[in-house]
Amino acid sequence: MNQEMIIPLLAAAIVSGTPILYATLGEMITEKSGVLNLGVEGIMIVGSLAAFLVAKFTGSPVLGFVAAGLAGLCIASLHGVVCLFFQGNQVVSGLALTIFGTGLANYLGTSFVGISAPGFSAVPIPGLAEIPVIGPIFFQHDPLVYVSYLLPVCLWIFFHNTRFGLGMRAVGEYPEAASAAGVNVQNYRWLGILAGGFCIGLGGAYLSLAYTHLWTNSLTGGRGWIAVALVIFAFWRPGRAVFGAYLFGGIMALQLRMQATGTHLPSSLLLMLPYGLTIIVLVLSSLKRERTGAPAALGVNIEPVD
Amino acid sequence: MSTQTPRIRLENISKNFGKVQANADINLEIHSGQILALLGENGAGKSTLMSILAGQLQPDSGTIYLDGDPVAFTGTDRAIKSGIGMVYQHFKLVEAMTVAENVFLGIPDTLFIRKKAMNREVRELVEQYGMSVDPDAVVHDLSMGEKQQVEILKLLYRNSSILIFDEPTAVLTPTEAERLFATMQQMIGLGKAVVFISHKLEEVLAVADYIAILKRGRVVDSMPRSAVSGAAELARRMVGRTVLLEVDKEPVELRQTVLKVAQLNGMGLEDVSFELQQGEVLGLVGVAGNGQRALVETICGLRIPEQGAVRILGQDWRKFYSRNNWEQSLSYIPEDRLGLATCRGLDLVDNFLLTTRGGFCRGPWIQRQQAKFKVESLIEKFDIRPPDAHALAWQLSGGNLQKMVLAREFYRRPHLIVAEQPTQGLDIAAAEDVWRLLMHAREQAGVLLVTGDLGEALALSDRIGVMFAGKILGIVDAGDAEQVAKIPEMMAGMSVDI
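Residue numbers (the working numbering), protein chains in the order written: chain P, 17 to 322; chain Y, 9 to 506.
Keep in mind that the hints were calculated from the coordinates and are not lab data. These figures come from a predicted structure and were not determined experimentally. Hints may contain errors.
To be verified - Label pairs and their in silico Cβ distance ranges:
no., chain 1, residue 1, chain 2, residue 2, range
1, Y, Asp-33, P, Val-107, 45 to 51 Å
2, P, Tyr-162, Y, Thr-183, 55 to 61 Å
3, P, Leu-144, Y, Asp-142, 39 to 45 Å
Beta carbons are placed, not taken as given, at the ideal position from N, Cα and C, and that holds for glycine.
Work the whole structure out from these sequences, hints included.
Written out as structure tokens, the structure reads:
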């Protein structure tokens, strides 16, 4: 492969990695507060449809983007009601959310399949875009990609340099300790679920507003599940999530390219690549014996103090 | 007590959990510049009382006065704001965070945390109180003593003026404990009030200014430190005039030796030897944490003895535990009813089968229906409520669950019973039932009764051994009043001629 092929491939890796990055960061926020949300796939696809519909009927992709976040937040709030209010099982609730979200979006979207809506297109950043190699890879994309560059940095600062981040980490690690220190555990978990749902919804929006400009059934295609795996791969660190998301984006882009250029490999094998990589990644990250950064109280419900 | 207004005054505080009175009409005063020691056994209600003060539990009745004004601590944050700080027995620290982060957790401050300033402030506190922990260290890597320092730092940083230590020395080495006592003295020097919860008499005498004794949820005695001459007197007051519950104790003819422990050493035990015969109850009393746990676990096959011999029903422990006799063998009634004795999420039939399935097996199949009939007849015989064989273990009250455990174990017709704190946390009626059942079981078994409650031991035992610091200081005949009177002193670790 020469440079003419590698640079577009890497640029495509960024683009196809972006929705995964949004979703991964969203799930990371939720898990940091100690709540496991396996509904990423469902939240993402509902966000995707909401973005498409709002952009189509208002003509504004920006409104569509925000609507996706809000839709994600609403769906995620169901998870909050089940897990925080009724102390329900987090795994079951999350899985139900995925099934519900996928079904809902496919049902409501049936009549829109194949129809296009206004979306975001590439806006090269003046100055930065002209830098050789770096420019074409990173700075000739749509605005949503640029937003996703800022998100991990903001998250890192939130977790490590603000007292709310400190509180949220404590709630995910040892809720009893947080509670004894006067931190309201339920409120932080709500924050984690809702903010996480918002981010995941944004990831969905990227698929229908930037990656494609149209709606098809099952648009997310398992990206939500990849995001769940990536949180583990990233050891719950925003910086590593960026690396992981682009790695997967790269594999997806490569797989498309290989299909396009025609290889002897059957296409179904190529389509399998990202999911195969997910399994390998999970195995590799579980090999790390010492602390992986998983919040100690992840998935554990806590009784609210009456 | 002194004439100034107490920082905290508790008036008639009561708290019930179901039928169990955890706290009953408690009156206490906490003064600044004073160390108040709360002395009592496990289950005496100390922790409940402190949870009420920390805002984690609400009292059923009674009033808390802060500086003379009535207050209600409806949440931990309210109590913290009023200056109350708890050092919990099980540390409430986030292991994955640094010392400084733990100290700053939950402090309403600016949005952004300035790490350097945070570390500097914590370091200043560390130096002021002569501690040794590094603010930048991750809690995970600290020793128990250092973790406790972090808990104390949390309170100091919040300027807590009433500091409550729940069994603080349980996890400390003697040197670390010395340092803790120095810190406590320093605190009262600064006008703070300190509450020190303990069951170690020597420590209480060493640091306390005022001592209150809790028993079965009540303050049974309270006095200034100066009014107590020494550990022996304190022990006597702690044991008190034991309300002896009358249990029919018909002498039973002693038969074979069912348990023989010889020169057991290691695991905190020192040269423990005794024998137990079929037909008698041997009570082992002692303040918790004096080696009882290690001894019981060794006898019951949960630990391998480091040194010494354990013979059960005439066999070496190794041989005994390699055979799997479900019947006419050893029954263990652990202290932890809802963890070791039963599975909380299984119903009574399954919990019954846990130790008795040997009797309900045909080939690889378990005869559940027969087991269910048996459980139902046991429920009726032992008056277990609710009378439902499919009730889950956690749905039963402590007393009913304990009766279920006893019913199960007695169905095995054991020849050796090891009962550990069998009535802890039970109300009087349930405790009496348990006592009656144990007395009945004595007819065919030797019973080793490990308890912290001398009254219980006196009511049930034929002989009583006293444990202190891993040793059995002596075994006395329960009928010999003169010797029995010396038991409190022995529990306090004083050597007494028997």
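Query - Hint numbers contradicted by this structure - result: Of the numbered hints given earlier, the structure breaks none, since each of them holds.
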